[in-house]
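One-letter residues, chain by chain:
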Amino acid sequence: MTRRLLRQALLAGGALVMLYPLLWMLAASVKPTEEIFGGPGLWPRHPTLDNYRSGWVALGVGFTTFFGNSLLISSAAVIGNMLSCSMAAYAFARLSFRFRRLWFAVMLVSIMLPIHVLIIPQYTLFHRLGWVNTFLPLIVPKFLGVDGFFIFLMVQFIRALPTELDDAARLDGCGPVQIYLRIILPLMAPVLVTTAVLTFIWSWDDFLSQLVYLDDVGHYTVPLALRSFLDSSGESSWGQMLAMATLSLLPMLAFFLVFQRRITEGISTTGLRG
Amino acid sequence: MRRRHENRVAYLFLAPWLAGLLLLTAGPMLVSLYLSFTDFNLVNPPRWAGADNYRRFASDVHFQNAVRVTFVYVVGSVPLTVGFALAVAVLLHGRRRGLGAYRAAYYLPSLLGGSVAVSILWRQIFGDDGLVNRGLRLVGVVGPSWISTPEYAIYTLIIMHVWQFGSPMLIFLAGLRQIPVELHEAAVVDGGGPVRRFVGVTLPLLTPLIFFNLVLQMINSFKVFTPAFIISGGRGGPADATLFYTLYLYGEGFTLFRMGYASAMAWTLLAVIALFTAGMFVTARYWVYYADRDGAP
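Chains as they are written, first to last, in the numbering used here: chain A, 178 to 451; chain B, 44 to 340.
Source of the hints: derived by calculation from the structure; they are not laboratory data. Please note that the accuracy of each hint is not assured.
[Claimed, not checked] With the C-beta cut set under 7 Å, the calculated list includes, among others, these residues of chain B facing chain A:
#	residue
1	Asn50
2	Ala53
3	Leu57
4	Thr68
5	Pro71
6	Met72
7	Ser75
8	Pro88
9	Pro152
10	Asp172
11	Gly178
12	Leu292
13	Gly294
14	Phe297
15	Ala305
[Stated by the list, open to error] Every beta carbon over 10 Å from chain A, so not counted as near; a handful from chain B, in silico:
#	residue
16	Glu49
17	Phe80
18	Arg99
19	Ala160
20	Pro187
21	His227
22	Asp233
23	Pro247
24	Thr326
25	Arg328
26	Val331
C-beta: ideal position from N, C-alpha, C; glycine also.
Using the sequences plus the hints, can you model the full thing?
Structure (structure tokens):
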């Protein structure tokens with residue numbers, strides 16, 4: 178009995194320590210500045226939304242633009258990954274073709290590749306194409322299946338689907354394209370949701386690429402805006418900054434609350450990122 | 044007949060991915076290898092420089108510092124992260140009510156931790172007048188500004204990494220669920236207590252996942268960028284104490300446009316990661332237990 182209590186106390190205490198920074202940020206965002214620098218406590222004595230109101234427009238260009246940009250990039254990335262990764266995954270999981278094992282191995286290795294050995298030539302390429310300071314370098318690669326992680330995730334999923342369905346469809350005269358469109362893709366719904374959610378979160382968060390490709394404030398994403406907020410303001414605007422930082426986490430938090438199981442299963446079945 | 048047909052269709056399905064592989068992965072990889080032997084500033088065409096870039100490492104103090112900082116970070120954060128992940132996973136394993144909520148709570152920092160927002164928060168927490176120091180003041184201790192003191196700055200980043208043990212924890216939880224109940228029952232019949240059962244049954248069966256997580260965490264720690272960039276204001280301060288390898292690489296490549304040198308750094312990073320991974324695979328033979336070869340990660 179005492180052992181169970183001890184374990185409960187340990188778990189609850191641990192969870193509090195883990196979440197305290199995030200809870201504190203949320204609390205600080207509704208506190209007046211002098212109260213943020215008061216004590217380490219959570220509860221705001223004079224709750225206010227001033228930080229949100231003034232922070233939203235503090236950079237000259239409003240956060241409406243930044244959220245719009247981030248939303249556009251992340252949504253396009255989601256569509257790109259769902260299309261390109263599911264196509265490649267279908268080929269790997271269901272079709273027989275020459276060099277399949279070789280390509281699959283190449284794909285697995287590409288997941289582990291540090292972006293740093295690619296980013297300079299990629300930048301040079303996009304620079305030549307005149308794509309720097311547009312959203313294209315952040316979106317087009319997703320339509321070319323560069324996130325091998327999701328291909329792997331989908332291959333695992335498709336392999337677990339019974340092949341009898343394919344066989345039946347083939348007897349009915351369906352070719353590979355129709356089997357993909359009518360049988361596999363609808364059955365893939367769960368893994369497509371996982372892909373969509375994780376792609377959204379990770380491209381929302383993809384700071385390095387955004388930093389490299391987007392120069393102009395009008396093109397800034399939310400992370401870039403937060404960074405320039407940090408650079409341009411002193412201690413006095415911590416409240417506003419924490420308010421905007423809190424807002425920037427909300428989309429990810431919302432996805433997590435709704436799709437918790439899909440996310441945690443995606444992480445633990447492949448475990449390659451997160 | 045059908046096989047040939049499938050070949051064509053298969054490559055049609057693979058076409059976007061293959062194009063991406065060629066144009067955005069394999070191609071750039073080779074180009075960056077070439078660039079690493081040149082002087083290149085984006086505007087002028089690359090000029091062959093032989094191994095000059097690699098030779099410069101020997102005299103570049105910032106480079107050496109970046110290597111040291113990154114090693115301290117990797118060695119400091121990886122074992123702790125995996126250790127915490129394992130310990131908490133064992134506590135959270137099971138079907139009792141409420142555990143799901145705990146799993147979510149412990150995982151959440153992992154999901155949000157890579158963001159700029161959390162890095163900004165960290166700068167506040169460990170700042171001069173931050174959360175930690177205000178907590179310390181309650182017990183009468185006046186803390187330094189952890190972020191801007193060279194000796195401590197790196198540790199705030201290590202703490203931040205360890206705080207994100209959620210994703211290896213999920214992998215351990217999935218592994219714990221795979222362990223057959225019969226094995227534990229057999230151990231109970233043999234009179235094994237919880238500790239003996241953990242050391243004798245659970246731990247050996249989890250070694251493949253411990254290995255897997257160590258490798259992944261190591262690779263990820265070598266690549267870490269956002270927190271170092273945000274917390275140091277992009278410059279690796281104070282006194283180069285948080286000048287991570289990737290941060291220095293970014294500065295050389297995209298602020299100073301010494302892209303040849305940055306490419307040499309990138310290839311060196313790749314080589315070091317590959318070497319470390321290979322080294323871990325060599326040690327794996329001595330401590331990783333595979334019940335069946337299929338179970339290998």
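To see whether the hints hold, each was checked on the structure:
1. Asn50: holds, 5 Å
2. Ala53: holds, 4 Å
3. Leu57: Leu57(B) check passes; min Cβ-Cβ to chain A is 5 Å, inside 7 Å.
4. Thr68: Holds - the Cβ of Thr68(B) comes within 7 Å of chain A, reaching about 5 Å at its closest.
5. Pro71: Holds: closest Cβ of chain A sits about 4 Å from Pro71(B), inside 7 Å.
6. Met72: holds, 6 Å
7. Ser75: Hint on Ser75(B): holds, closest Cβ of chain A at ~5 Å, below 7 Å.
8. Pro88: violated, 11 Å
9. Pro152: This interface hint holds because 6 Å falls under the 7 Å limit.
10. Asp172: Constraint on Asp172(B) satisfied, holds at 6 Å.
11. Gly178: holds, 4 Å
12. Leu292: holds, 6 Å
13. Gly294: violated, 12 Å
14. Phe297: Result: holds, 6 Å to nearest chain A Cβ.
15. Ala305: Because about 6 Å separates Ala305(B) from the closest Cβ in chain A, which is inside the 7 Å limit, the hint holds.
16. Glu49: violated, 5 Å
17. Phe80: The claim holds: Phe80(B) sits with its nearest Cβ about 13 Å from chain A, beyond 10 Å.
18. Arg99: With a cut-off of 10 Å, Arg99(B) remains clear of chain A, as the shortest Cβ separation is near 17 Å.
19. Ala160: The claim breaks: Ala160(B) does not keep its Cβ more than 10 Å from every Cβ of chain A (closest is about 4 Å).
20. Pro187: holds, 17 Å
21. His227: holds, 18 Å
22. Asp233: holds, 22 Å
23. Pro247: At about 20 Å from chain A, Pro247(B) clears the 10 Å cut-off, so the statement holds.
24. Thr326: Its Cβ never comes within 10 Å of chain A, the nearest being 19 Å, so this holds.
25. Arg328: At about 21 Å from chain A, Arg328(B) clears the 10 Å cut-off, so the statement holds.
26. Val331: holds, 16 Å
In terms of the numbered hints stated before, the structure departs from hints 8, 13, 16 and 19, listed from lowest to highest.
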